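2 protein chains.
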Amino acid sequence: MVTYNDIEKAHQIISDHIHNTPILTSDSLDNELGSNLFFKCENFQKTGSFKIRGATNSILQLNDTEIKNGIITTSSGNHGAAVAFIADKIGTSSKIIMPNNTPKNKIENVQRYGGEIFYCEPNIKSREDTLEKMVQKSGGSIIHPYNDEKIIAGQGTAAKELIEKVPDLDAIICPVSGGGLLSGTLLAAKNLKPGIKVFGAEPENADDTYRSILNNKIMSNETTDTIADGLRAQVGTVTFPIIKENVDKILLVSEEMIISSMYMIWQRLKIIIEPSCSIVLAALMLNSNKFLNKKVGLILTGGNYDLKQIPW
Amino acid sequence: MVTYNDIEKAHQIISDHIHNTPILTSDSLDNELGSNLFFKCENFQKTGSFKIRGATNSILQLNDTEIKNGIITTSSGNHGAAVAFIADKIGTSSKIIMPNNTPKNKIENVQRYGGEIFYCEPNIKSREDTLEKMVQKSGGSIIHPYNDEKIIAGQGTAAKELIEKVPDLDAIICPVSGGGLLSGTLLAAKNLKPGIKVFGAEPENADDTYRSILNNKIMSNETTDTIADGLRAQVGTVTFPIIKENVDKILLVSEEMIISSMYMIWQRLKIIIEPSCSIVLAALMLNSNKFLNKKVGLILTGGNYDLKQIPW
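Residue numbers (my numbering), protein chains in the order written: chain A, 333 to 644; chain B, 333 to 644.
Simulated from the structure, these hints should not be mistaken for lab results. Treat the numbers as computed from the prediction; the structure is a model and nothing was measured. Mixed in with the good hints, there may be bad ones.
No copy is singled out in the list; a pair is fine if it fits within one copy or between any two copies.
[To be verified] Under the rule of at most 27 Å between Cα atoms (straight-line distance), these lysine-lysine pairs were calculated in the DSSO-like manner:
#1 Lys421 with Lys626
#2 Lys436 with Lys640
#3 Lys421 with Lys627
#4 Lys576 with Lys622
Modelling step: build the complete structure from the supplied sequences, incorporating the hints.
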């Protein structure tokens with residue numbers, strides 16, 4: 333079982349390889365929204381997303397034989413880029429299985445770091461089948477994108493850094509997809525600051541975690557028809573129990589609000605972030621009473637957006 | 333005559349009112365371009381641009397009567413927002429004369445800070461006539477956008493901060509329009525670091541400073557047909573002598589390169605910046621031999637871009 337100690341250990345392992353990313357604030361947004369917001373900017377992280385935290389923690393704990401055989405993973409984009417980057421850095425190869433509806437810029441990002449791409453259909457079965465075939469063929473080591481204790485521990489370091497810099501936070505909102513980041517965030521935040529509230533933000537159009545909690549068992553997504561391409565995965569068997577036990581609430585967000593909050597962050601904070609994380613600001617705005625006069629940490633998970641697909 | 337001492341004094345006056353903005357770097361851009369780049373991010377400055385430095389330095393040195401009469405300025409947008417913000421902060425009014433082709437988002441930015449807007453034709457004569465009429469009518473104090481020693485001293489604090497954080501810079505590139513920022517940058521940089529090279533970057537389509545240096549007298553713009561809406565002004569009588577004496581070169585940039593460098597900065601640095609400052613990266617790329625293996629500071633002057641007018 334993954335614990336806060338694993339997050340501390342992960343932080344020691346990865347800290348030379350990642351950025352302790354900046355935390356941005358905006359007086360004018362605070363005044364408008366009535367909360368005191370702290371944006372943890374993982375869009376400025378190496379490879380453009382938080383995914384490098386978990387990937388580095390996992391890969392640097394492989395043994396020499398495992399490393400020699402190369403690394404295999406499945407990814408909607410950002411995890412793939414992170415794995416390719418670290419694999420290249422330690423001198424091994426990486427094979428990245430990606431859904432064939434992955435945005436072009438995320439494919440290019442994986443290619444930039446030397447990852448070899450294999451396409452699958454955009455559903456869990458095709459992804460798992462392709463993965464199994466690849467492993468049987470090449471014998472590489474699988475680095476799962478989220479359903480893995482080392483990944484969870486690595487992702488938890490983002491919230492650890494956030495609370496270390498802003499120790500009096502009342503709440504954190506982070507996106508939820510497969511649940512690696514949310515699990516890590518929960519373990520870090522609730523250990524460092526027992527009273528803190530932690531919320532997951534999830535697209536209405538890919539609401540498996542919300543429904544899984546409601547039904548007390550893992551439910552599949554009925555659609556993954558969301559602009560938040562990083563939030564189309566299904567909560568995992570390792571991540572779900574952690575989330576179910578610790579999360580204060582999953583907040584659902586419409587596509588319209590995901591896009592308008594993305595516009596707001598680009599315009600006001602002057603940063604490029606993905607819809608997969610503007611969702612956290614949308615969740616706050618949709619539940620503004622809950623966060624009134626509170627200090628709220630918002631994890632902006634990545635900035636790998638295709639600038640040729642502006643959604644407004 | 334404005335000197336480095338004025339910049340030091342300005343920094344003392346304004347430092348409680350501005351951000352010492354972050355300096356971003358990118359390993360992957362450095363590798364691609366063969367230079368070691370330091371981006372001074374004034375897009376994260378209060379009101380979204382460096383203009384608040386000069387405006388604050390000027391306005392805080394007005395006497396009580398001058399303040400009481402209100403402040404008047406002409407602006408293509410960012411200086412107007414900065415003046416409106418500071419005027420509001422010290423409890424006086426501001427009247428901002430703007431060209432009637434100013435982008436909508438820059439008009440909204442002035443309105444957000446409580447500036448009262450008056451439109452003029454987009455040429456110097458209409459601007460000066462409107463200004464004169466307004467001053468005669470209301471008796472307010474004029475804060476010139478660039479052709480003023482206090483403005484120049486204020487703008488010079490950006491380069492001062494940059495060199496204080498990166499003392500071994502070989503060169504700085506900054507945009508040039510009316511010349512306030514470039515004059516301040518030259519005075520700061522050449523005093524703090526005598527061997528440093530300082531370049532101005534100017535649109536080919538608004539190349540008055542380039543031609544003024546060539547002809548050894550102030551020349552008018554033949555066109556101002558550039559997407560870099562902050563770079564359409566004409567170099568001033570106070571700024572031109574400082575630039576002529578100190579600048580290493582004015583580097584001209586085509587519209588196409590302004591846009592492609594803007595795309596590159598958005599995509600790779602994950603920040604929103606205006607075409608009026610992506611021009612500095614374009615100037616570097618067009619003169620890459622000059623900057624090979626050099627440490628180069630690039631002043632990113634602002635981030636107030638209309639996100640509904642994506643140019644690619």
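Item to check | Homomeric proximity label, Lys576 with Lys622: Cα distance no greater than 27 Å | outcome: Within one copy only: 20 Å inside a chain, 58 Å across chains, cut-off 27 Å.
Item to check | Up to 27 Å CA-CA - Lys627 versus Lys421, copy category | outcome: Between copies only: 25 Å across, 38 Å inside.
Checklist entry - Between the shortest in-copy and the shortest cross-copy C-alpha distance, which are at most 27 Å for Lys436 and Lys640: within, between, both, or neither? => result both (10 Å within a copy, 22 Å between copies)
Item to check | Identical-chain pair category, Lys421 with Lys626, by Cα at 27 Å | outcome: between (41 Å within a copy, 25 Å between copies)
Checked against the numbered hints listed earlier, the structure breaks none of them; every hint is satisfied.
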